[in-house]
Structures are given as C-alpha cells and as structure tokens.
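Chemist: Sequence lines, in order, name chains A and B.
Using our numbering, the letters of the first sequence map in sequence onto residues 13 to 233.
Using our numbering, the letters of the second sequence map in sequence onto residues 9 to 394.
The set of hints was computed from the structure by calculation and includes no laboratory data.
Some hints could be false.
DMTMM-like, lysine to aspartate or glutamate: derived pairs with alpha carbons at most 25 Å apart [said to hold, decoys possible]: (1) B/Lys123 <-> A/Asp210; (2) B/Lys275 <-> A/Asp119; (3) B/Lys123 <-> A/Asp119; (4) B/Lys275 <-> B/Asp285; (5) B/Lys149 <-> B/Glu77; (6) B/Lys366 <-> B/Glu33.
None of the values given here were measured: they were computed from a predicted structure.
Chain residues, written in single-letter form:
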Amino acid sequence: MLQLFFRNNNNMLITKTVQIYPDHILENDDVIFRAEEPVDPNDFLKTAFRQLCPPYPKFFKMDKLSKLAFLGSEILLRDAILPTKYNKDETGLVFLNASSTIEIDKDHQNTINSRENYFPSPSVFVYTLPNIMLGEICIKNQIFGENAVYISEKFDTGLLYQQVKILFDTCRLKACITGWSEINGDNYEVFLMLVESDQAVDNSKEKCNFDPENIEKLYKR
Amino acid sequence: MMNNIYSCGENAITSLGFTVEENTEQIKKDITGVGLVQDKSLFPEDFYASLISTQRLENEFSALANPDEYTRFEKLLILSAQNALKQNPRIDTSSNKTVFVISTTKGNIDLLEEKQKGRFEPDRIFMWKSAQLVAQFFGNKNKPVVVSNACISGVLAISAAREMLKAGYYDNAVVIGGDIASEFVVSGFQSFKSLSFGPCKPFDLNRDGLNLGEGAGTVILTNKLENLNDHTPVLVLAGACNNDANHISGPSRTGEGLFLAVTRTMKQSGIQAHEIDFISAHGTATSFNDEMESKAFSSAGLSNVPLNSLKGFFGHTLGAAGIIESAISIQGMRQDILFNTLGYKDYGVPEKITIVNKLTHKVQKNILKTASGFGGCNAAIIFSKQ
C-alpha cells in the first residue's frame, strides 16, 4: 500500500537560481544588482528590494535573515507561476543555514542584559527562529507545503539534495524553493534554487537536472 | 511489509524524571513538574515553569564525562541519548550506518549571557557545533543532521530520520531533542504575554497561556528487525508538515495547516481517521493554539478520537516537545493507557474534540502525534503497534 506513494526515476529540475552576496545579486547567470561601495547589510537589502521587487511594506519589518531569504524568493519567483501550476500543498521550502538567527538573537539578548534597561519585544523575539524566514515566504506566496530548516556548518550539497529528493520521491512536493540563507555579522550569503518536477516544467525554459553535481556547480558559480 | 521503520529505544528527561518510566509513574499519579520559579537570573518576576534538577543532571552526567566540558543543553542531549541507548545495546553508535539527528529551537542560547562570556569557544553558540560534540561523544563519524524549525522541530526530526532510513541512507537514527530554560526564551515568551499565571490548562475554558519546560528526549529508529529490543515493536509510519501561510507569530484561525499535515500523514501512512486510536496533541494552553487544534482535528474527522496534551505535566519543552511527548505516548500505547490532560477541567474550544480527562485504559494500535509552531508550521506523525 505504502509503495503506491513512491515513484522511481523521478526527475527534478532546477529551473532558476538566485544568489545574494554582500556587493551583488545574481539571477541565474546575470548580475541584476550591484552595490557601488560596501554598505551596511540592512541598507543593501532595502535598496535592492526597492529596486527589484514590487512594494511589500512587511519586508521592512523583517530581521536581516528574513529580509535576505525573502528578497531571494521574490527574485526567484518573479516570473514563476507557482500558485496556479501546483496544488497549494505541493510547493514547499527546504533551507540550510549555519548560524541560525545569531544576528537577531544578539539584538534580543541586548534588550534583557540590563535590569535597568529591560525591554524585550515580541517583534524582535519572533525572528529568533530560523524557520520564520520560511513563514514569511509562505505568507506572501500562499505556499502550504512542507517546511524544513537544517542547521549545517557549511553549505551541504549532499544533505540538501537528499532531503529535497525524499520529498519529491514520496510525492509530498512537486516544487520546492531550496538552498542556503545565512548571515553572521557583515558576512551574508543566499543561494536559492527553484526545483520543479519534470512533468510540470515548460520545455522552453532553461533548466538542468537537480543533482549534487549541478547544485555544487551552481553554488560555486 | 518491506523496509519498515521501528522505534527501538526511547527516553524523556523532564522535571518529572530522567527516564520514560519515571515520567509516566508521576503522570499516572497526576503529579506535575510545573511550579513557581523565583529565579531572578531567568526572569525579574516570579513565573511558572518546569525545570530540571541541576544537581541530578550534574551527578548523572559526571558518571559519563567531565561536566565542565559540556554546556547544560549538551549534557541533556547526551544523557537522554545515553539512557535510551541503555535500553538497546544492539544499536552500534559508531557504525557508519547510524546517524544522529538533533532537534532544538535555541541550543546553547544561554552562552549569549554576560555571565557565560569566555566559558567556551565562540563557535559553541552554533547548533551544528553542539551536534558534532554529541555525535563525537558516541563515537559517531557521520555528520549529524540538525533540525531547527520552531516547536515542530521534534516531530519533524523523527519524520526526517524515518525518511532517511526508509530511503536507505542509514540503518539506525538516534533522534535527540533538547531545549533549556533560559533568560532569553523566558523573556521572549513573556513579551508575547504567552506565559500562564499558574500551571497551564490545555483546552480549558479558562486557559491563559503556556508554561515553559526544560527537557530532552530521544527516540532511536531502526530499519533492522534484529536491532529491536524486547519491548513491543512500534512502527513509525509517515509524517508530514504543512505551513498555514497566515501569520508568523499566530496560528491560522481555521486550522488549515494542521488539517493538511494530519490528513496527508494519514494518507501517506495508509491509515484512515477511524483507525486512529489516540492523538497526542500539541495543546500548549494558549487561547489561539488550542482553538486552532480543535478546528483542525474536527475537520479531519477525528472529533471522537481520545486526545491529550501533556503540557500540564512538564510544560512546553520546545524543540524537545515532539520527541518527549512521542516517547511517552509510545509507552502509553505499549501499556494500553491514555494519560490525563492535567490542568483541563471545563471544555473551552469551539469544535468538538474528545479530551482525555483521567488515566484511562484503552487498547491502541495507531496513535497520531502533532505539533504546531511559530512561522505557521504544523507537523504530524503516526506510530503503530504491531
């Protein structure tokens, strides 16, 4: 009975990638945004968002980690038609990250270090969970599928591939926003892929197989 | 059936005890570990929570390793796994076919406190570091998998471990969840006004919030029949996870995310609503969470299935909750017992659910465990007795 839910030879395709670095943003192979000089991460993210994405006031209330992931997802999905193409629970998110929410954790800790100046805030505390960035993306795009955040010292191609493949093989997902969203101090990096099952993909689009070799190649591009 | 995944060793460390048996003995007597905490280092005012005895933790850990070399969080993880592995000497933790899966929301977050500065290397704040040390402690060379997905982390970790075994990546998984009570977490939940003014009252008309709990739990999974111990074999059937896509700090008002997770879990497991004998609910005792759960279970056709929340016994243990509550519910299934929902008195949710309100004898074959958390996430998993 259970075997009915497993498919063999299930092809998964990477149909788009987005990469965010401290001074530039890549959409597939194209540099779509470049900072003229090194700027504060928050300023960089806000400027890029205003220039590249449709207005979404909630963006400016997010912590830096969610801003990074959200900006990446907006660019990733800007020419995609996910909501109509798949059932609402067939799209999911699998993210990797090293430092969890260390930046906003320090902010929250600073609000409680002194009994004389004690002001913990729910709008800060809520961002001290790494899956909140997934929640923000789900809300914006009405994505109801699988969610998972794995914490890994470095970007781990094997783990990412394994966990996403399982979700496709067991028919839980037909599309997945997956990758790496990380910030620690002034160092930050986003690498997101849109992965879709082969039956669903428009043949005219550029694409490559979702496999460890291609993931590694795209990540290091 | 080919390629079944079994639970073959469980542990729970809470304020009530350091083994599943110690916990269930107290639970059977309606004894709670939630109490008034007057500790200014955790919160400037008194509050109710469930804390683990530091003295006992240090004593028991000293028998295993030098307590100065590990944080409180790591000691809990190691001790919990050690106690679970004691029940099943057949599991070879040093094998390359065994993987450690760690579930936590905040790990070593107390290391951010001023008084902890300099006690450990700076990278100790990271969850991957704690996970490495735990795997190393047990002589395991595989990279541990760390799940950090708010309050569903524990259920998600069991489900992810099951899938890794099912897909053949490993034969055994030691799934450990843990979280400590820290000033960080207490102040955060207090800022949300989520903490109850007394012991929490899941699903009750007068519920006013949750109690935080410290805890660790372990479930050992295997796909090898020869690795089972002499306990009644328990199968881990499918799990699923869904997002509400509604709000980052509140559950959906309709319960849609949890409904999807529960119905997809049943479908993937090949189990229908009438075959579920018991639900171990999340039941944090916050107004919105319990209301949402009643809607989701009722929509899923589970209104008449006995359901409990264990939060009244040891609070909300965050990243450990899904594992501790699974371990205890598996024990209940093996003994044909339903545990009470301590703190519940008057029915207080909008849709019909069947709340267990005393220790009850019931033969169970299939049980459903669920969890919901910040970020709109919901997870479910089914365990089945053979």
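Chemist: Are B/Lys275 and A/Asp119 close enough, with their CA atoms no more than 25 Å apart?
Modeler: 43 Å, violated
Chemist: Please verify whether B/Lys123 and A/Asp119 have alpha carbons no more than 25 Å apart.
Modeler: The given pair, whose Cα atoms are some 17 Å apart, holds under the 25 Å limit.
Chemist: B/Lys149 and B/Glu77: Cα distance at most 25 Å?
Modeler: Within the cut-off at roughly 20 Å; holds.
Chemist: Is B/Lys275 within 25 Å of B/Asp285, Cα to Cα?
Modeler: 16 Å, holds
Chemist: When you check the alpha-carbon spacing of B/Lys123 and A/Asp210, does it fall within 25 Å?
Modeler: 54 Å, violated
Chemist: Please verify whether B/Lys366 and B/Glu33 have alpha carbons no more than 25 Å apart.
Modeler: With a Cα-Cα distance of about 14 Å, the restraint between B/Lys366 and B/Glu33 holds, given a limit of 25 Å.
Hints 1 and 2 from the list above are not met by this structure, while the remaining hints are.
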